[in-house]
Amino acid sequence: MRLRTRRKSRSKRIIQVFAAVLLDIILALSVVAGDYIYNYKIPQKLSSTGVQTTVTGQSGQSSESPLFSFRKLGQTSALSWSEKFKDHFSDTVISTDSVYKSKNISIEITKNSYDSQTIDHSDNGKHTKYGSNISYVLADIYVSDISCLQTAFAQDTYGTGYSESLTAMSKKMKSVLAVNGDSYSNNRHANNGTIIRNGTVYRTQPSTEETCVLYRDGTMKIYGPDQFDSNQAIRDGAWQSWVFGPGLLDENGNAKTDFVTWDYIRQSHPRTAVGYYEPGHYCLLVVDGRSAGYSRGMYLEEMSKLFAELGCRAAYNLDGGHCSFMTKGISFVNNPYKANKDISDGIFICEPGAVQ
Amino acid sequence: MKLMRILSVLLLHLTIILSLVFITFLVLDYYNPMMAFTNNGLSTILLAALCAAAILSSVMQLIICKHNI
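The listed protein sequences derive, respectively, from chains D and X.
Going left to right, the first sequence walks through residues 1 to 356 as this note's numbering numbers them.
Going left to right, the second sequence walks through residues 1 to 69 as this note's numbering numbers them.
If you're looking for bench data, these hints aren't it; they were derived computationally from the structure.
Check before you lean on any hint, since a few could be wrong.
Calculated lysine to any residue pairs in the SDA-like style (CA-CA distance at most 20 Å, straight line) [as the list claims (entries may be wrong)]: (1) K45(D) <-> G41(X); (2) K41(D) <-> L7(X); (3) K45(D) <-> V27(X); (4) K126(D) <-> V27(X); (5) K41(D) <-> T38(X); (6) K338(D) <-> N32(X); (7) K41(D) <-> M35(X); (8) K126(D) <-> Y30(X); (9) K126(D) <-> T24(X); (10) K338(D) <-> T38(X); (11) K126(D) <-> Y31(X); (12) K172(D) <-> R188(D).
Work out the full structure, taking the sequences as your base and the hints as a guide.
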């Protein structure tokens, strides 16, 4: 009887201890959830520097006009993008599911699907269920003016906790084509980089990642963590900057095999990336993924090889995963595995003057 | 002494909770170090609280052990 009583009280104590530990686990998860909600979900506006980038010409005069380099630098022999790429533009607007042509914008969308013959076994085999197929959408873009390449924040607000669907943002921007951006607001690292959007400088911080800068003269450059001088970029007329990475090509436009990023990004994922050929000619790539039998996503090496084969001089990885979207107008062009996910920022190809 | 035992138990639980929080933060940071779960203002406060809880509960346990001897 005494033994039974002792056993009962021991079992009772063990149950009490388990209950207490379970409560600790629940409280710990509540703290984590609270931290996530406080830092990433509660909208918090951030302050911007308010600085506008300009281009300084050889004469020392500066102008905010994106066409400055052709009008004021005395390069009368240099062709404007409208003249240089005139075979791609059209006097009348042509718009189909895969093509958009106007006087200022030319977009051709191609879709490709293939069996990579490679299954991703990384991360304890979490990706194996997605198979070896890869499907992607590539938009080849010519613009007559750098102002056709716009960016926008979710809910038009620079801050954390703001998100919006790409389709809603595309509608507001009246964009012809759009993709998600670098999810700048998720970067709460102390060195969270320089954000320049549409010529406005929002923050200048060092970064542990590579920075991609699109200048007003149409050139695109990618800088390593120790190479980027935000003040110089501002003086040189930076138009847009992104901080996610990594850069996908070396300085000669060849595919890379070593990337400045963290391990998780090296696995196969849905992807969004921007490619640069020459001023006025760019491409946007969205790779579908995490869809069994349809598309597993791409490794960075695969994406790097693709941009090298396309002949890009520079290419830069943006945020991917459940954020990878491409819209033409307000309709999805790719097949995202989470179509209802909101994002924090995007890249938009717009007719000049579409956004006031 | 009874109060000390109660406080000691509470601090032990606090240590478990905050340790689990930081283990979760480390896992999340593996997937996305940019989100800096272990390196923001709030997590710095939590880390200080974890250290304080660990030290205080250890000291209390030592005192209780000494008292029992």
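Quiz prompt | Which numbered hints fail | solution = Failing hints, ascending: 2, 3, 10, 12.
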